[in-house]
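Participant: Spelled out, the chains give:
There are 2 protein chains.
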Amino acid sequence: MSRSKKQLHLNLFLRNTGHHEASWRHPDSQPGGVTDIAYYVRLAQTAERGKLDSLFLADSYGLPPTMQFLVQQALEPFTLLSALAMATSRIGLIGTASTTYNEPFHIARKFVSLDHISGGRAGWNIVTSTGNATAFNFSDAPLPEHSERYRRAGEFMEVVRALWDSWEEDAVVGDKENGLYVNPAKLHEIRHAGEYFNVRGPLNLPRAPQGHPVLVQAGASDTGREFASSLAEAVFTAQNTLEDGQRFYADVKARMLKHGRSPDRMKILPGFCPVIGDTHAEAVEKERELNELTQPEYGVYRLSNLLKMDLRDYPLDGPLPYAELARNAEINSQKARHQLYLELAQRENLTIRQLILRTATSRGHYSITGTPVEIADEMERWIDAGAADGFNLMPPCFPTGLDEFVDKVVPELQNRGLFRTEYEGATLREHYGLAKPERTSGQRAVAAK
Amino acid sequence: MSRSKKQLHLNLFLRNTGHHEASWRHPDSQPGGVTDIAYYVRLAQTAERGKLDSLFLADSYGLPPTMQFLVQQALEPFTLLSALAMATSRIGLIGTASTTYNEPFHIARKFVSLDHISGGRAGWNIVTSTGNATAFNFSDAPLPEHSERYRRAGEFMEVVRALWDSWEEDAVVGDKENGLYVNPAKLHEIRHAGEYFNVRGPLNLPRAPQGHPVLVQAGASDTGREFASSLAEAVFTAQNTLEDGQRFYADVKARMLKHGRSPDRMKILPGFCPVIGDTHAEAVEKERELNELTQPEYGVYRLSNLLKMDLRDYPLDGPLPYAELARNAEINSQKARHQLYLELAQRENLTIRQLILRTATSRGHYSITGTPVEIADEMERWIDAGAADGFNLMPPCFPTGLDEFVDKVVPELQNRGLFRTEYEGATLREHYGLAKPERTSGQRAVAAK
Ligand SMILES: Cc1cc2nc3c(=O)[nH]c(=O)nc-3n(C[C@H](O)[C@H](O)[C@H](O)COP(=O)(O)O)c2cc1C
Ligand SMILES: Cc1cc2nc3c(=O)[nH]c(=O)nc-3n(C[C@H](O)[C@H](O)[C@H](O)COP(=O)(O)O)c2cc1C
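Chains as they are written, first to last, in the numbering used here: chain A, 369 to 817; chain B, 369 to 817.
Source of the hints: derived by calculation from the structure; they are not laboratory data. Be aware that one or more of the hints could be misleading.
Identical copies carry no separate label here, and so any pair may be met within one copy or between two of them.
The calculated DSSO-like cross-link candidates involving lysine-lysine, where the alpha carbons are at most 30 Å apart (straight line), are [as the list claims (entries may be wrong)]:
| # | residue 1 | residue 2 |
| --- | --- | --- |
| 1 | Lys776 | Lys544 |
| 2 | Lys676 | Lys554 |
| 3 | Lys544 | Lys626 |
| 4 | Lys676 | Lys804 |
| 5 | Lys374 | Lys626 |
| 6 | Lys419 | Lys621 |
My request is simple: use the sequences and hints to build the entire structure.
Facilitator: And the structure:
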């Protein structure tokens, strides 16, 4: 067992009953768990037992109109992750928050608070929101355009990072004798006045243990990749093949150089959905079992929604209407995912029904069905080929899919010297090998009284 | 020991190092604790050992310009209370959120999430914010006028309560066999379109265990009292004398009748700040010790701020400039507290320095210095006189002031049959004896797909 091999990083993508769309119907699943903290505690503790770097909660602020088919809601990330911080001691806790439907002051503060509570384990998946189900819970205006959302995101991050730097590391003096609690020279207003935000600062919490919580992003478009390259320290991405993964990896790391950032300051983590069996046949049988529980009515909805075209009138066992779909690509807000589905269908010559099943497990993320050895092989292949720094683990079904991964695949990775056998650091930054950010200077000190 | 006596309710008002403004300088205090979750866990567990109904976190979104004199910042309420939910099992968890600088969807959801995580122990102290230190972290506009803030608060509550009712109690079916997760007929859009908010709904979380988290408010003005009477289930208030307490109690309960609410659907909890000694002399000595640690520079700032008049040029050992101050009352946004200070100074004929010390312990709340028996006597007197349903406990110094209360005053109250010796219920509603709210009807079901 050699430790000279490149170490991979593992993030657990928590998602209600699992990533397979029919997971909630599986006999092992616990749909009642999604509002039960004990359910999440069990998953988080299993992930920590497996020495995973972090766990991650996706989030949105609206419900899809398909609630009857699917467990879609979940506990709110800040509250849930703070609770999980108390039930774990090492694993990183990554929450999603949108820059489109929040105020920078609130978000900056909640992540610092979570970072204090967890002892430096907070991370933020920065998203700009998708869909009007979210938009209409905040106003009668539809979701802003893609470019507008990213412009706001850029300014949002400027404000948040300035707020995170508004307390110097040693601002708190706590000198009881002389009655000096804070050194006012080390507390700074930010006086941000921009296109979207006016924020005076300082933040009302001392600097986070990690300096800044770890910044995570999942941009797929050109704008999104630029944004991620400029600041993200971990990137989630959906890649269907190793070759696509290599192209994405090379592209984003090259963009980082353009932004003056060293490529090792970001970990790229493609989604990875393993259906695990002790034999290959057992794994295939597991996948079949899950696929049998899917509801075509929901699959057609999901596909129609993603491809922005009503597919209900097309025969399930016929091909996709490629010509019409190509025209739609222009107006599609999720262009990258759209493209990925079309390429998959064409490459494998799939009918609508087959495409639904092919993406039921992982919604366009890479999915593999096999033994622990086959799965570890594939992970190693992606790392070695420069397609990934680690993976965003998406078990098809909780809790069993996670238990199996931790009990069977993790030891295999550890035996190969690819993955830690013990946590070495205490913070999320340390797990990912990310440097603590320097404070930017040039802010004005808060006037003494 | 008779259980026929009216039971009193106790809420612990958590506040960094304690309620005395110089508490952080006391040898017993732990100013470093305010960003350390272990510090809060210890306090919460002590309060739970004392069988207190709830604990409460005040909050604002800005720092005062007096940071050097005082520990003022604290962990953020949603994250902190969710963490405390995991370290306790019975005590209620009341967080503050402002209706002026938040979106109803986010607040509705976070409280439901906290209610699920804590098993029905969430409460919300509804505030409208004060001061431009908060305002300027959200825009370049100053704090909206008092009446404007309450108008927005009214509509905010309409939206939040509709969102809380947007899932019927039995909306989640979880029928794996037939593939029906949610019954779409029991999930409702709210389609709110008002002056301040447009919110479609439904919420993206199933109904809270308590139906609605407990609503707490602390309005003191006429508008504030109207607001509280219309919906609050617990009211915090600052009352300097038992007689003032009686007047406030009678007034608010009478207003409830006007709103068609039974007076027992609200618990009135005046602030109560006990400085406890085994002998009366010891208690007095404790108070003197704390007062000696105050910093006049800060005291004058606090008074100037509250009375909206710069007092730095007036002699500390002279009287308040009553004539000038009377003129200021008109423009004062915290009129009630302002009034309370002036009355106190006049009634007791205090100099500026004496008023500073007199309010250093509890900032205008009722404060008592004495033995456990004297303190229990006073509590009983307030309850019997119809001035309170219980108290908002404000220990001058943490953790010692809380330890002493739990170890010495609580048993005294229990011996008198005034306070529970064990939790009887599981939820915050049950501790306060508040009924679970009914769902309002008349919302439209979410279209099936
Ligand atoms: C693994 C993964 C997780 C994501 N989680 C969220 C999420 O929780 N909320 C959200 O609004 N978007 C989420 N997204 C969407 C991305 O933030 C991004 O918007 C999407 O990949 C499209 O890229 P673009 O923004 O560059 O167009 C996620 C994407 C990926 C790949
Ligand atoms: C015990 C107590 C706690 C309070 N906590 C807060 C708080 O956390 N945040 C806040 O903005 N206001 C807080 N307030 C202020 C009240 O919400 C209210 O605005 C104040 O009593 C003045 O009354 P009015 O709003 O009717 O003018 C508190 C008041 C009291 C008595």
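Participant: Could you run down the list of hints and mark each one as holding or not?
Facilitator: Going through the hints against the structure:
no. : hint             : in the structure
1   : Lys776 to Lys544 : between (54 Å within a copy, 28 Å between copies)
2   : Lys676 to Lys554 : between (52 Å within a copy, 28 Å between copies)
3   : Lys544 to Lys626 : neither (49 Å within a copy, 51 Å between copies)
4   : Lys676 to Lys804 : neither (42 Å within a copy, 43 Å between copies)
5   : Lys374 to Lys626 : within (25 Å within a copy, 72 Å between copies)
6   : Lys419 to Lys621 : within (26 Å within a copy, 56 Å between copies)
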